[in-house]
Every structure is written in C-alpha cells, then in structure tokens.
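Those protein sequences? They're chains A and B, same order as listed.
Its first residue numbered 1, the first sequence is counted upward by one per residue in my numbering.
Its first residue numbered 1001, the second sequence is counted upward by one per residue in my numbering.
If a hint is listed, it holds; no wrong ones were tucked in.
Using 20 Å as the maximum straight-line C-alpha spacing, the simulated DMTMM-like pairs for lysine to aspartate or glutamate come out as follows:
1. B:LYS1005 / B:GLU1080
2. A:LYS131 / B:GLU1054
3. B:LYS1094 / A:GLU135
4. B:LYS1094 / A:GLU226
5. B:LYS1094 / B:GLU1133
6. B:LYS1124 / B:GLU1176
7. B:LYS1124 / B:GLU1138
8. B:LYS1131 / B:ASP1117
9. A:LYS43 / B:GLU1053
10. B:LYS1108 / B:GLU1080
11. A:LYS43 / B:GLU1054
12. B:LYS1199 / B:GLU1030
13. B:LYS1108 / A:GLU135
14. B:LYS1108 / B:GLU1098
15. A:LYS43 / A:GLU130
16. B:LYS1076 / A:GLU135
17. B:LYS1109 / B:ASP1073
18. A:LYS131 / B:GLU1053
19. B:LYS1108 / B:ASP1073
20. B:LYS1131 / B:GLU1098
21. B:LYS1094 / A:GLU130
Chain A stretches covered by chain B per the calculated footprint, using a threshold of three residues with CB under 8 Å from any CB of chain B:
22. 123 to 137
23. 148 to 156
Rather than coming from a laboratory, the hints here were simulated on the basis of the structure.
Even for Gly, the Cβ is constructed at its ideal location relative to N, Cα and C.
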Amino acid sequence: MDLIIQSLPFLLDGVLQTLKVTLIAVALGCILGLCGGMGRLSKNRFAHALATCYVDFVRGTPLLVQLFIVYFGLPPLIQQFKVFLEASFALGPFSSTSHIPPFIAAVVACSINSGAYVSEIFRAGIQSIEKGQSEAALSLGMTQSQAMRHIILPQAFRRVVPPLGNEFIAMLKDTSLLSCIGYAELTRQGQLIIGSTFRSFEIWFSVALLYLIMTLGISRLVDFTERRLGINGHHQS
Amino acid sequence: MAIIKVRNLVKNFGDLQVLRGINLDVEEGEKLVIIGPSGSGKSTLLRCLNILEEPTGGSIEFAGVNITDPQADLPKIREEIGMVFQSFNLFPHKNVTENIVLAPLIVKKSDRPAAQDIALSLLKKVGLSDKAENYPAELSGGQQQRVAIARALAMQPRVMLFDEPTSALDPEMVGEVLEVMGDLAREGMTMVVVTHEMKFAQEIGDRVIFMDEGLIIEEGTPQQLFTEPVNKRTRSFLTRVMQ
Ligand SMILES: Nc1ncnc2c1ncn2[C@@H]1O[C@H](COP(=O)(O)OP(=O)(O)O)[C@@H](O)[C@H]1O
Ligand SMILES: [Mg+2]
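Start from the sequences and build out the full structure, keeping to the hints where you can.
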C-alpha cells in the first residue's frame, strides 16, 4: 500500500500526460478528419485520391511504426534539408540538432493517426444522411456548400458522436505506445517506477486501473453528450 | 406565355432510358397534372425541371432562361421553383419555424423578423399555427407535408412542383394536404403535380398528361382524358386506378 501511495503522484502525472496527448490528438484529428472525410466524398479526383491515400496508409500501418517514422525518421531528413539550405542558399546557420521532442512527435503521430480514423467516421456520418435532405436543401436554392453546412453536417455530427467516442477511447489506449519513444505518459511512468521498485504486479495493475477509470469516464461523457443532443429523443426522426 | 418549355428531353441512368424525348410547355398560372404507372419516369421528369437530375439530352427553358446550359446559375433558378417531395424531407434537426425561415435567411439573406413573419403567416395558411415550435418528428405525416409546402412557399417561388405529395400518407391525412394544394391553385400558383388522386386532378387540373415508359402518351383536359381517353394504354391505366 505504501508503494502505491508513494508512486501515485508519478502515476497521476502520467494520467495527465496521457489525457493531454489524447485530447490534442483527437481535436487535431477531428480537423484533419473533416478534411479527409470531405476529400473522400469529393468529386474532385485529386482531393479524393489524396484523402484515400492518407486514410489507407494510416489505417494499413501500425501506429508504432508511424510514431517511429516521425520520431526517428524525420530528424535525419530535417538535418539534410538544413544542410541543403545552408549549402545552396547560404541560409542559416541552423541549430545543429534536429531532434524532435517526444511530446511534439507524439502529438504529430497521434493526430495524423486519429485523423485517418475520424475521416472514415465523418465520411460514414455524412453518407448516412438521407439523399432527400440535400435534395430538399438544393430545391430551396441553397448551394452545395450551404446544404452541407446547414443541413448535412449538423445532422451528421449528431450521428458521429458515438463512433467519435470510441475513437477517443481507442486513441487513449494507444498512447501507451508513446512509452517507446520515452514520452512520460502513464505506461512510461509505470515502467520507470518498476525500474526502481521491481514491483511489477502492483504497479501494472494500478496502471491498468487508471486506464480503466479514464475510459469509463469517457464512455459516460459520450453517453451524456448523446442524450443532450437528443439522439434518442425527438429531435431525430 | 409558357414559363417552362421542355424540348426533346432525354434522361438515361446508365443503359436505362427513363425519359425518351419529352416535349412540354407549362403556361404561367397553369395547373398541370401528370399521371402514369409507377416507373414511367414522372418523378424523373419533375426532378429534371429543377435539375435535381441532370438531363442527358434536350433542353429546358425556365422563364426564358436555358437551365440545361452548364453555365446556368442553378441555385438562383431553384429559388423560383418550389418542390414538395413524397417523403416530405423536412429538416429533422430544426423546428417547424426554422425549417421555413432557413432558406430565406441564408439564400435570400432576408432579415430574421421579416422571415419569421412570413413563416407565421404561411403556417396559418396551412393550418399549423400551433405547431410553430414543434420538431418534425412530433408531427403527423399530413402535418409534415403541410410544413413542407409552407417551407417551399417561403421562397416565394413562381412554380411549385409536387411529386406524389399524398402517396406516403395515411388515407385520413390525404384530404388536409389536398385542401392546402387546392387553396394554392385557386390563388393562381403555377403547379405541376404528379398524383394518383384523380378526383383532385379533375377539380384543379387545367390539363392532364399521361406518361408511360418515358414518353407522354396522351394529354388533354381532365374531362377529356378521364372520360374519353383515346389511347389503349391510358384506358387500361385509368381502369386500374379508378376502381
Ligand atoms: N437515380 C436513379 N438511378 C437509376 N435508376 C433510376 C434512378 N431514378 C429512377 N430510376 C429509374 O428510372 C425509372 C423511372 O423512375 P421514376 O421517374 O421514379 O418513375 P415514376 O416516378 O414514374 O414512378 C425507374 O425504372 C427507376 O428505377
Ligand atoms: Mg415517382
């Protein structure tokens, strides 16, 4: 018990970091996802192809590998780019390290990852709105984008709340992978504590419990939002 | 003068020829009724009139403007052509008043008090003043369709298109919708109505056309078409629906 109490501040700090990265990643993911989802539905061939490549690449490769690409793969590339700028345009000098801080790498990789899944959620949400809705809007003289903004998206947003909640929970659990680049989220904190106390079972169990509390909390929040938006109420026909 | 002129209109869905050369004029103030068996292309014809379906061939003129021209300003044209759908298509996330004022606000940039006044008077006209704050899902089918008519009228269109407006309704609600449409007809609105309500067609129709397999087979006054149809297909269709 003493052990848990002593470790608790570290674990709670990990909880905070986990929530922070997850929130930022899903928020940025929603922006990327709205673009991605619209791109997937676009009649513009280029936008469609771009969005499809993005979604397929991200969903078809492991988050851990994406994380390594950003954290380990990008710095040498950035380094070469700096050398190129210095040599070709006499720009610089730049600071010599091209190291990306773990937090930035974490946010970038997780946002890009989340954005792909959210793209598909938005695409499905938009497609689930009956064709008659946009036809009614167009027949009243609205442009395509007015119909999208005032009629389709508001209805689609209500329908995507539950899958977005699932994505949030999935992302939150996936942030445990950030321990691999040394980012001090919950799992990493657990590893560190065990490194000095050697009490695997108690610590991992506490870590699991903290994840559970977070995911259950999010589920409740999603249920609440769903009810507030009247998804099961009379605002939805 | 004809407000709508359809010339040699053709519409294909892939290999399927749905409209195979339609010629049609609709006069200002005219009430045109379109009848015909299911699948004959009535909805497609109506939906071509405001380019919800893009015609494959031929031309359509609305108020002197060629609306089949790729350069045509479709939103501007559609403002003047109201449409009422079989399935109502009210906006479920907006209450009745918001359904009606939305398009005037964002398309016509009307100011809210004026739009709201118009909405209230339209609701009175369709007999739903007490439902202004309700959501569509709280209304019966007949009430929803009357709101849909009010919503279309709020744009002050020059023509109203009705695609089987009572077909999705329980029988006891058909009357209330036809009544609203009858009022509109008597006010002089130009109307193109696809319907199977023969009694209504006879009462308000200036002209009836019978469509089959993507063609206009026969046309005439309701009196002519219903009592002494010339074409065999018209006759057999009428005996089927009249019984
Ligand atoms: N969007 C579409 N894609 C493919 N076929 C269609 C589409 N809309 C209508 N059709 C076909 O066109 C034909 C005519 O349909 P429609 O105009 O709805 O007939 P009606 O309203 O007279 O019953 C039908 O065979 C129908 O299946
Ligand atoms: Mg039809």
